[in-house]
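Using the sequences and the hints, build the whole thing.
2 protein chains.
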Amino acid sequence: MAGPEQGGRLGEFSRIRRYLAPLAAGCPGALGLTDDAAVLTVPNGQELVVTTDAMVAGVHFLDSDPPADIAAKLLRTNLSDLAAMGAVPFGYSLVLALPLERDDAWLAAFAAGLAEDQQRYVIPLTGGDSVATSGPVTLAISALGLVPAGQALTRRVRGPAAEQLLFVTGTLGDAALGLKFVLGTLEAAAAPAADRAALIGRLRRPEPRLTVGQALRGLATAALDISDGLVADIGHIAEVSGCSAVIYAQKLPLSAPARALLGRNPALWPAILTGGDDYELAFTAPNACKPALMQLENRLGVAITEIGRLENGPAGQVTAYDDEGQPLRLATAGWSHFPGD
Amino acid sequence: MAGPEQGGRLGEFSRIRRYLAPLAAGCPGALGLTDDAAVLTVPNGQELVVTTDAMVAGVHFLDSDPPADIAAKLLRTNLSDLAAMGAVPFGYSLVLALPLERDDAWLAAFAAGLAEDQQRYVIPLTGGDSVATSGPVTLAISALGLVPAGQALTRRVRGPAAEQLLFVTGTLGDAALGLKFVLGTLEAAAAPAADRAALIGRLRRPEPRLTVGQALRGLATAALDISDGLVADIGHIAEVSGCSAVIYAQKLPLSAPARALLGRNPALWPAILTGGDDYELAFTAPNACKPALMQLENRLGVAITEIGRLENGPAGQVTAYDDEGQPLRLATAGWSHFPGD
Chain H
1 MAGPEQGGRL
11 GEFSRIRRYL
21 APLAAGCPGA
31 LGLTDDAAVL
41 TVPNGQELVV
51 TTDAMVAGVH
61 FLDSDPPADI
71 AAKLLRTNLS
81 DLAAMGAVPF
91 GYSLVLALPL
101 ERDDAWLAAF
111 AAGLAEDQQR
121 YVIPLTGGDS
131 VATSGPVTLA
141 ISALGLVPAG
151 QALTRRVRGP
161 AAEQLLFVTG
171 TLGDAALGLK
181 FVLGTLEAAA
191 APAADRAALI
201 GRLRRPEPRL
211 TVGQALRGLA
221 TAALDISDGL
231 VADIGHIAEV
241 SGCSAVIYAQ
251 KLPLSAPARA
261 LLGRNPALWP
271 AILTGGDDYE
281 LAFTAPNACK
291 PALMQLENRL
301 GVAITEIGRL
311 ENGPAGQVTA
321 YDDEGQPLRL
331 ATAGWSHFPG
341 D
Chain L
1 MAGPEQGGRL
11 GEFSRIRRYL
21 APLAAGCPGA
31 LGLTDDAAVL
41 TVPNGQELVV
51 TTDAMVAGVH
61 FLDSDPPADI
71 AAKLLRTNLS
81 DLAAMGAVPF
91 GYSLVLALPL
101 ERDDAWLAAF
111 AAGLAEDQQR
121 YVIPLTGGDS
131 VATSGPVTLA
141 ISALGLVPAG
151 QALTRRVRGP
161 AAEQLLFVTG
171 TLGDAALGLK
181 FVLGTLEAAA
191 APAADRAALI
201 GRLRRPEPRL
211 TVGQALRGLA
221 TAALDISDGL
231 VADIGHIAEV
241 SGCSAVIYAQ
251 KLPLSAPARA
261 LLGRNPALWP
271 AILTGGDDYE
281 LAFTAPNACK
291 PALMQLENRL
301 GVAITEIGRL
311 ENGPAGQVTA
321 YDDEGQPLRL
331 ATAGWSHFPG
341 D
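In the order they appear, the protein sequences are chains H and L. For the first sequence, the working numbering assigns the number 1 to the initial residue and increments by one for each residue that follows. For the second sequence, the working numbering assigns the number 1 to the initial residue and increments by one for each residue that follows.
It is worth saying that the hints were derived from the structure and are not from the lab. Ideal placement from N, C-alpha and C gives every residue a C-beta, glycine not left out. Don't take every hint at face value.
As the list claims (entries may be wrong) - Only some residues are given here: those of chain L computed to face chain H with a beta carbon under 7 Å:
1. D36
2. T52
3. G58
4. D81
5. A84
6. V95
7. T138
8. T154
9. R155
10. V240
Structure follows, in structure tokens:
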């Protein structure tokens, strides 16, 4: 049988044994991926957090992207959902729908990407399914996390929504700007090579804010990860909490590459407000928590920035103000996979 | 916006709200599908069983199949894995990758199929992801089940493998014969319409043997569901248990339609031995358990048939004997999505 170095492909069971079973080696309950299902023990006092994210080539990534980057993005978007709930990673199952002709080298590189991130974020593969498709590469992960009972963070604000401030972690808009370089809607000349690489890196390898999310338990009153776009996601919090939100554009935390690019091209601002894919956390907390949040920022080395507040008003309405206090008009609130939203 | 009756399509969020959120209504931890993840409480003393199955149009079902049948098959193949472990259904997450032009009527019928089976098998939707694809409809479910700690049934035999008898539930080969009618490799004239409908029904709506699987805890020493094909799946048990297996073809339980069809066309026998998709359970138990298994059969109204035994020999080797005691030669041991296995 041809090995990966020859551009061949093993049979399905052999591929699972060679490339995927090693990813489950750290999880006895995965039964070596030879059984119908995994059997896992959830510790007493912990609740189970379950999230699922799917990606399709040509929609969520380019088929020509490095397979390890695709793997990292797939796992990290799921981990980001666990982070938003304040959960600790527990295990994940993988759905792989690959074209028949996809060779072993691709799968080897994809599995290597998963292996690296499994170590980095301490999460084993517990099982999954591998199928053939006549269409594009289609991937999904269902990730499990653990959170102390009753402490999961949700999008709905606990307590009176109108008294909450809005915060975000890290910097915003980098992935959206990186995507413009990848798609060619921004010419390479628009930024130095190092800046382009940094922005594209945010797109391909988002950093799930797991330690921040876990530390926010008992501190944040609502949380989510910014995947649909800042305005859309803040809108999600406001909608389920029955209130409105205001955001001040000049408060949004920007990376040095993003700041430089926006300085030269202010027309890119909507990408910061509506672009998703940064996978930073947005959360609410009362004013009294600000000292604790500053301590957290220092301890974890992740920027935490106040960007606005919730207020009484139509549920789900989000208004973003520019630095002169004028409301910004945005063509679209965020990312949707389908038209019509 | 167009409703399903106009052949239109709502936006993504609206579709989730209208068609999928009602499926999660019975599960408070699903948070109305408005959050990043579900939060579930696993009762003390229970272990979590996790299984994942994916299906692709053109590979596992026909795009022209009734959407409710597709939904039923997707959910039931996952439930069958839970059954094989002896687990009780707990919840499931759904991955939907649909072509952009797929209209709401399809999704409405698909969701109705899920709703019906959720009631039948008492399992709520907990979350999932809905994405667009340029390829065929691609579906996956990750199902969760509960089993008392330490009691999950697995493929590896507990105890001395060579002393175990082999049993199956229900009847075998119906789905494989039904598939031949669907694909046209068997002409409709080969069986009466009612028989054809019964066989095709087994293919489209397999019955997950949940109550049998749960009752086999503490009785069966190994179990799995027959999805790859009888010989292949018995081979899985034998391989992980380090032994061989023998099967007696004349002992295999056949439905009346299958028996009639085989009587007229004995060349169809390999379909019984190697066809998958019946989703019956195969399990091992010692001779001493036979009275208890007969009681179980009577109590649950599901046939339990002894079809062979495990024995010392090369790990994973399966020999099937015909009614004259001659070993049968099989061109392929079972179903694989990829060539080369």
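**OP:** Quick one: which hint numbers does this structure break? Sort them smallest to largest.
**Re:** none
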